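*Asks:* Chain by chain, the residues run as shown.
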Amino acid sequence: MTPDRLMDLLVKRASEGVTAQEQAEIDRLSASHKSAGLESFERAAAALTLAGIDEEPMPANVRARLDKTAAEFVASGELAKVGRDGASGASSLSDELAVRRERKQERTPFRASRLAWFAAAASLLIAIAGWWPRLRDGLQPPQVVETPPKVEDPAPKVEPTLAEQRELLLASTQGLVQGNWAPPGDPATNPVAGDIVWDPKTQQGYVRFTGLKSNDPTQYQYQLWIFDAEQDERYPIDGGVFDIPTREGEVIVKFDPAIGVKSPVMFAVTAEKPGGVVVSSREQIVALAKVAAG
Amino acid sequence: MAESLLNRIAGGDARAVSECIEHFSGLVWSLARRLTRTRADAEDAVQEIFTDIWRSAARFDPAQGSEKVFVMTIARRRLIDRLRRASNEPRMESVEVLDQLPWSDATSRAEVCVEAERAAQAVARLRPDQQQVLNLGILHGLTHSEIAARTGMPLGTVKTYMRRGLIQVREWLEVSAGDVTEGAQP
Chain W
1 MTPDRLMDLL VKRASEGVTA QEQAEIDRLS ASHKSAGLES FERAAAALTL AGIDEEPMPA
61 NVRARLDKTA AEFVASGELA KVGRDGASGA SSLSDELAVR RERKQERTPF RASRLAWFAA
121 AASLLIAIAG WWPRLRDGLQ PPQVVETPPK VEDPAPKVEP TLAEQRELLL ASTQGLVQGN
181 WAPPGDPATN PVAGDIVWDP KTQQGYVRFT GLKSNDPTQY QYQLWIFDAE QDERYPIDGG
241 VFDIPTREGE VIVKFDPAIG VKSPVMFAVT AEKPGGVVVS SREQIVALAK VAAG
Chain X
295 MAESLLNRIA GGDARAVSEC IEHFSGLVWS LARRLTRTRA DAEDAVQEIF TDIWRSAARF
355 DPAQGSEKVF VMTIARRRLI DRLRRASNEP RMESVEVLDQ LPWSDATSRA EVCVEAERAA
415 QAVARLRPDQ QQVLNLGILH GLTHSEIAAR TGMPLGTVKT YMRRGLIQVR EWLEVSAGDV
475 TEGAQP
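Quick mapping for you: the protein sequence lines, in order, are chains W and X. Heads up: the first sequence begins at 1 in the numbering used here, then just goes up one per residue. Heads up: the second sequence begins at 295 in the numbering used here, then just goes up one per residue.
Some hints here could point you the wrong way.
[Said to hold, decoys possible] No farther apart than 20 Å at their CA atoms in a straight line, the calculated lysine to any residue pairs in the SDA-like style are these: (1) Lys254(W) x Arg379(X); (2) Lys201(W) x Pro183(W); (3) Lys262(W) x Arg309(X); (4) Lys12(W) x Thr445(X); (5) Lys12(W) x Arg309(X); (6) Lys81(W) x Asp307(X); (7) Lys201(W) x Asp307(X); (8) Lys262(W) x Glu316(X).
The hints are simulated quantities; they were obtained by calculation from the structure and are not laboratory data. If you're wondering where the values come from, they're calculated on a predicted model, not measured in any experiment.
This is chain X alone, in the form it adopts within the complex:
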């Protein structure tokens, strides 16, 4: 089995740095466009994200998930951080875009990875209003309060739906949460 790109970066392989861009640039760019206010923001963000990815390469553990998931985890952290710092600026997306539920056809995407398929399967088991909360929060970067304001749901309900949804996805991904146990059942 070929050594992973991230392991090669951790080993100091300069070519793997370039290959990492080649491999993940589309994904990172697409997410950055979605979770930033402007194109200029997205351009700045991808520079920071890839630098974070390279610096964190030694932390990649294949037992915890795929490289794609690791890269997207790093990308989301950076983008959420930037979103919160710019939280007073207006959003660019329309309500119609935000209300779409994009997971229904996830399994038909050509490049989808196993974890994405499982995540889509997990979401499919949730009620539409729960799916909507995940959509607005995870894919569009809205805060819980923003989701509540947009949907009319009580803030506590939004938090509960988010928590249950992520727990369900996590369970489907068979990701061990160690001894961090859930108190309330979904």
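The shape of chain W in the complex, shown without the other chains:
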């Protein structure tokens, strides 16, 4: 075998793909020739593709599905592994292909969860019909509070409490999005109250509750959802799970969603299984707060 054969294989891989046997041959030849630039033909093909393709926007439904995939990627801990895996190997295509083969098996439960997600999404289509219009009608009108900057900023503290962090945000930031929590049903049976403040610039916010029933985290947890006007309303953004401890009084939770929030219109809290869910069945909505984009 000569480098010419390796060249043929690399061109074939860049243009029409190679079989597993051919890839093994590339691995063998490239190892014996200590070759560099094994992906140069693929990069050439990619550059040609860029030169010849007309870009069209991704449809909203595909984008929404991709955002969920991204959220799963982050939540599953795969993102945290990217740097580690990259640093420890996978620097060549053959390494990457090997990694990809190994990951096919890892991906099975991921796909299974996606199947479950789609099943849930199907039922969600039914549920949303009765849920969403009711929310639009029943909640307080949206309000965007333009908070003027404070002349005297509070002195920074070493470890501010969540309440102090929230107050600092309110005092120092303009264009915050705010809203008030309300129960979806009878306030007599679910006297939840409180508010939400969201900073579109830092993509962080705080939710404050009173009257929300304490939970046993081994039985269920509360999960925050963010409805974004620029996303399919069937798939709100996951704001994370939290617990309400067994004590009276106000509870503040800071949240920092993994997916970018552009135009939030409503926040919701549901009760879910421990650890939360990818898509809520929305059977136990405990609090709602309608807001407007800041």
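Given chain W, put chain X in place with the hints provided.
*Replies:* Below, chain X alone, put in the same frame as chain W:
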């Protein structure tokens, strides 16, 4: 200089994952539509492509090319893989679409990157029949045999044109091929 999106993903920045979608969704979607048989295929493919991109982010080396080229390289691998697995299914594109030579106006595209401009310049130096081979193979995902059948060229000629074309583009991109040297001159 701002840190690249892919480097941020490699560093565990969750927001960069979302920004990556924002930045490259149009490109990846457009390529997926072109190199898949059905819209449903394209929708599935983009999920896999972006997952591949995120997983491969640590491999991105700015010295080897731009993020766009890296993303398109990953996207092409995945799409070619899917095409070959579904190779018995019929194609959706018409002959007229396949015969267009789309690189002639590449330099006038607003979002084109330096590598794309250079690739277009390299292709412009090839003969029309060589350009056609690259068009059918690279932009439309036809195999060498399919190109031969469609154009009437001998298979060996198709392979030669593909090889020479990619070598020429690679040279214009000034991409080092290390000690993988070309035996036959174009």
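*Asks:* Which hint numbers doesn't this structure obey?
*Replies:* 1, 2, 5
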